[in-house]
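There are 2 protein chains.
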Amino acid sequence: MAKIVPLSGFPEWLPAGRLVEQKVLDTLRETFELHAFSSIETRAVEPVERLLAKGETSKEIYLLRRLQASTGQDKDDLGLHFDLTVPLARYVLENSGHLDFPFRRYQIQKVWRGERPQDGRFREFIQADVDVVGQDSLAFHHEIELPLVMVDALSRLPIPRVTIHASNRKVAQGFYEAIGLTDVEQTLRIVDKLDKVGPDVVSELLARDVHATPDQARLTLELAQIQTADASFADRIQAFGLHSDLLDEGLNELVDLVEGANALIPGSVVADLKIARGLDYYTGSVYESVLEGHADLGSVCSGGRYDSLVSDGKRTFPGVGLSIGVSRILGRIIGQKVVTASRKVPTAVLVAVNDESERAHAEKTAFALRKRAIPTEVSPTSAKFGKQIKYADRRGIPFVWFSTDDGEQVKDIRTGEQFAVDPDTWMPSLADLHPQITAGE
Amino acid sequence: MAKIVPLSGFPEWLPAGRLVEQKVLDTLRETFELHAFSSIETRAVEPVERLLAKGETSKEIYLLRRLQASTGQDKDDLGLHFDLTVPLARYVLENSGHLDFPFRRYQIQKVWRGERPQDGRFREFIQADVDVVGQDSLAFHHEIELPLVMVDALSRLPIPRVTIHASNRKVAQGFYEAIGLTDVEQTLRIVDKLDKVGPDVVSELLARDVHATPDQARLTLELAQIQTADASFADRIQAFGLHSDLLDEGLNELVDLVEGANALIPGSVVADLKIARGLDYYTGSVYESVLEGHADLGSVCSGGRYDSLVSDGKRTFPGVGLSIGVSRILGRIIGQKVVTASRKVPTAVLVAVNDESERAHAEKTAFALRKRAIPTEVSPTSAKFGKQIKYADRRGIPFVWFSTDDGEQVKDIRTGEQFAVDPDTWMPSLADLHPQITAGE
Chain A
1 MAKIVPLSGF
11 PEWLPAGRLV
21 EQKVLDTLRE
31 TFELHAFSSI
41 ETRAVEPVER
51 LLAKGETSKE
61 IYLLRRLQAS
71 TGQDKDDLGL
81 HFDLTVPLAR
91 YVLENSGHLD
101 FPFRRYQIQK
111 VWRGERPQDG
121 RFREFIQADV
131 DVVGQDSLAF
141 HHEIELPLVM
151 VDALSRLPIP
161 RVTIHASNRK
171 VAQGFYEAIG
181 LTDVEQTLRI
191 VDKLDKVGPD
201 VVSELLARDV
211 HATPDQARLT
221 LELAQIQTAD
231 ASFADRIQAF
241 GLHSDLLDEG
251 LNELVDLVEG
261 ANALIPGSVV
271 ADLKIARGLD
281 YYTGSVYESV
291 LEGHADLGSV
301 CSGGRYDSLV
311 SDGKRTFPGV
321 GLSIGVSRIL
331 GRIIGQKVVT
341 ASRKVPTAVL
351 VAVNDESERA
361 HAEKTAFALR
371 KRAIPTEVSP
381 TSAKFGKQIK
391 YADRRGIPFV
401 WFSTDDGEQV
411 KDIRTGEQFA
421 VDPDTWMPSL
431 ADLHPQITAG
441 E
Chain B
1 MAKIVPLSGF
11 PEWLPAGRLV
21 EQKVLDTLRE
31 TFELHAFSSI
41 ETRAVEPVER
51 LLAKGETSKE
61 IYLLRRLQAS
71 TGQDKDDLGL
81 HFDLTVPLAR
91 YVLENSGHLD
101 FPFRRYQIQK
111 VWRGERPQDG
121 RFREFIQADV
131 DVVGQDSLAF
141 HHEIELPLVM
151 VDALSRLPIP
161 RVTIHASNRK
171 VAQGFYEAIG
181 LTDVEQTLRI
191 VDKLDKVGPD
201 VVSELLARDV
211 HATPDQARLT
221 LELAQIQTAD
231 ASFADRIQAF
241 GLHSDLLDEG
251 LNELVDLVEG
261 ANALIPGSVV
271 ADLKIARGLD
281 YYTGSVYESV
291 LEGHADLGSV
301 CSGGRYDSLV
311 SDGKRTFPGV
321 GLSIGVSRIL
331 GRIIGQKVVT
341 ASRKVPTAVL
351 VAVNDESERA
361 HAEKTAFALR
371 KRAIPTEVSP
381 TSAKFGKQIK
391 YADRRGIPFV
401 WFSTDDGEQV
411 KDIRTGEQFA
421 VDPDTWMPSL
431 ADLHPQITAG
441 E
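Chains as they are written, first to last, in my numbering: chain A, 1 to 441; chain B, 1 to 441.
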């Protein structure tokens, strides 16, 4: 068999890194539930035609085929989901009769994209999504609520501060149309590249692909360069002197978003008019984000308002949601040891074994400790105590338990202190009970 | 687009069922960590040659292909894992320099098998595995420890009692060889079908496939029919008067297992000599299990000792482990409503909105409650209070919060009682704080 090498694009962690990952996932889940979102978990596969309905990502889909399928039996009709929005849309349609609307769901799952590994992108990664989906209508205030859920969740993680950068599709569309650019979707896709390629290339692309005049290109770039932490962006846009109902509607919404969000969590949301989002199903607020000190990572949390992603022809299910790129964050904070676990194992206590004939006694001690919620392991060998202590030390297990002629005793192997204990009541400190996850050096 | 219908073999739950699933998964994880197992999570894919190395399941593998791959670019070289043992073996080899042995790991993940849907089997399901893997050697006592971890975990779930049924490959092999049956693997595979096809068919298969004489078939069936809750099985086997060192070694181990396990958890393990396990990599103890009252489900927790599943030629990594078929259990307890959640949402409190101008105040109240770990939602509308209460009622949210001219008040909508509260200290009872999962009827 071939030598074992890691598969590029499929990240995996050693146990200590996994402890950090679990802590991050637990915190996200806990916060989403505090905000009254219900968990759902969807299957990994969707019919290919449903995955392809969101055209531009089609090249990234992994199709499934059974190894032993007879010819023609499997019609390449299933693929792995590449995000959690397409599955949500399908889940809502499939179960709409059993769901209560507005339906508040969170979903933390792996997704897969067949990216070329040489791009250094993940091919398997975890996303954490929250969405509110209404039936036929959905109030605007959810567009203020949802980014705050994410800011609250991200602020509980041991990572640098995250700020949401927001714009509004109605502002962009109203503005472009008012200056005479009619291919709004293509214009958005070009503006979306601004951070990557710079203003000069964006100007060229606008001229080439949407036939923008130099004036139109200049105005488009001027809009994209507006970024304010308060509602003052609106004055700067009104100073263009453009007239469009859609633009006015969008401006009102964006003002409400920035003011409403910062009233609840100061510094949470800035207006950033270059935020375009490549996907064409957004119809209102759009969100990206910046992880302070790690801008090179790109947006770690993105989303927006969509009016018609989910529809069965008769009913529509408008929604608003954001998605955290969990693996992107973890790759940075675990990979660069920004965040570490205080030990490699869940174990708080190693019960020493005097000799193999006393293993059953050690096992009984361990079961009693576990009953009191103390993670406990029995030493796998009855080697000399020095070796058993070394076993604990290598894993970062703080306490070793001994049955001595003088009764039960516990050694804190970090201090070397050994003390007699009442086996029915002794507890490690809360800080020692479970591995602690801490940021930084 | 085609009408949406559920995909057979890919189970999904409504939010209330998902609450039960989360509770089950949390309990398993908590117990595994109490027993000092470290979590790992492996990628969903493995190289196909590695999946195929465990021959007999090859027909069930899902291969991956990128939709837009050029001809010859993807060589069908990746497939979805069909269990968590093959990934463990690969993970241990890939990371052996960074792991501490014996390596205690648990893993709770989805696996995929391309079963034909008409068999009513799952094609995507969750397994929960624990294994201890040694380097070059692994003490026998782990074969007593591991089934007890699973019995402890399963006993914490809101499900009927689970008993582990155990045998030992050395007993089977020593016995078959002593009576002159040399094709041990094929004999095991035939005996493995006993529950499904009955003794007569097993006799026929033994005659046909391993050329067993009527006497050999009779003895094989007599062995398979021995089942005892204590060590008395050993006397019955010794009464056959067979002589084999391997048989004696296996009997000693099985006696130690049954006596050792039941000394720690009475009634946890019975000796059941028909337990064969189809997989050919087991070399010592083998385990299956019965969920009381649901024997038709088949084994919900199985595994065994393996000496050479994991090897890189130079070193071997012997191990012992068991796997819980979580989806099989969930399908029964959620599907038949054996276990239910006390409400459909995580929410404990709905904050009513007097009118839209006061939504910001309601949001502030909600943020303050969440800071004190109370799952809280703000009413999506400022409709009449009766409608807002109905909104809570439909979801099972127990409390509605009102800002009145007489101060902050909370209504328990189950009793209709409304009382003034101190917003900084009021707490729902623990039973109301989170959805409760209870075994029904």
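If you are wondering where the hints come from, they were derived from the structure by calculation, not from laboratory data. Hints should not be assumed to be uniformly reliable.
Intra- or inter-copy, both count: the list cannot distinguish identical chains.
Here are the computed lysine-lysine pairs in the DSBU-like style, where the Cα-Cα straight-line distance is at most 30 Å [unchecked claim]:
| no. | residue 1 | residue 2 |
| --- | --- | --- |
| 1 | Lys196 | Lys411 |
| 2 | Lys23 | Lys314 |
| 3 | Lys411 | Lys274 |
| 4 | Lys371 | Lys110 |
| 5 | Lys110 | Lys337 |
| 6 | Lys196 | Lys371 |
| 7 | Lys387 | Lys314 |
| 8 | Lys193 | Lys390 |
| 9 | Lys364 | Lys193 |
| 10 | Lys193 | Lys387 |
| 11 | Lys371 | Lys274 |
| 12 | Lys411 | Lys371 |
| 13 | Lys196 | Lys314 |
| 14 | Lys314 | Lys384 |
| 15 | Lys196 | Lys390 |
| 16 | Lys193 | Lys274 |
| 17 | Lys314 | Lys390 |
In this text the structure is predicted, and so the values were computed from the model without any measurement.
How the hints compare with the structure:
1. In the homo-oligomer, the alpha carbons of Lys196 and Lys411 never lie at most 30 Å apart, since the shortest distance is 56 Å inside one protomer and 53 Å across protomers.
2. Taking the shortest alpha-carbon separations for Lys23 and Lys314, neither the intra-copy value of 42 Å nor the inter-copy value of 36 Å comes in at or below 30 Å.
3. Taking identical chains as interchangeable, the C-alpha atoms of Lys411 and Lys274 are never at most 30 Å apart, the minima being 59 Å within one chain and 46 Å between chains.
4. Within a single copy, Lys371 and Lys110 get their C-alpha atoms only as close as 34 Å, which misses the 30 Å cut-off; across copies the closest is 29 Å, which meets it.
5. In this assembly of identical chains, the alpha carbons of Lys110 and Lys337 lie at most 30 Å apart whether taken from the same copy (23 Å) or from different copies (28 Å).
6. Proximity of Lys196 and Lys371 under a CA criterion of 30 Å is satisfied in neither setting, with 55 Å inside one chain copy and 39 Å between copies.
7. When the C-alpha separation of Lys387 and Lys314 is checked against a cutoff of 30 Å, the pair qualifies only between copies, where the shortest distance is 26 Å, while the shortest distance within a copy is 71 Å.
8. Proximity of Lys193 and Lys390 under a CA criterion of 30 Å is satisfied in neither setting, with 55 Å inside one chain copy and 47 Å between copies.
9. In this homomeric assembly, Lys364 and Lys193 never come within 30 Å of each other (Cα to Cα): the closest approach is 63 Å inside a single copy and 37 Å across copies.
10. Proximity of Lys193 to Lys387 under the C-alpha cut-off of 30 Å is found in neither arrangement, the shortest distances being 59 Å within a copy and 46 Å between copies.
11. Neither within a single protomer nor between protomers do Lys371 and Lys274 lie at most 30 Å apart by alpha-carbon distance, with minima of 56 Å and 34 Å respectively.
12. Proximity of Lys411 to Lys371 under the C-alpha cut-off of 30 Å is restricted to the intra-copy arrangement: shortest distance 21 Å within a copy versus 37 Å between copies.
13. In this assembly of identical chains, Lys196 and Lys314 lie within 30 Å of each other by CA distance neither inside one copy nor across copies; the values are 41 Å within and 49 Å between.
14. For the homomeric pair Lys314 and Lys384, the shortest alpha-carbon distance between copies (28 Å) is at most 30 Å, but the shortest distance inside one copy (75 Å) is not.
15. When the C-alpha separation of Lys196 and Lys390 is checked against a cutoff of 30 Å, the pair qualifies neither within a copy, at 51 Å, nor between copies, at 50 Å.
16. Within a single copy, Lys193 and Lys274 get their C-alpha atoms as close as 9 Å, which meets the 30 Å cut-off; across copies the closest is 65 Å, which misses it.
17. In this assembly of identical chains, Lys314 and Lys390 lie within 30 Å of each other by CA distance solely across copies; the values are 26 Å between and 68 Å within a copy.
When each numbered hint is compared with the structure, violations occur for hints 1, 2, 3, 6, 8, 9, 10, 11, 13, 15.
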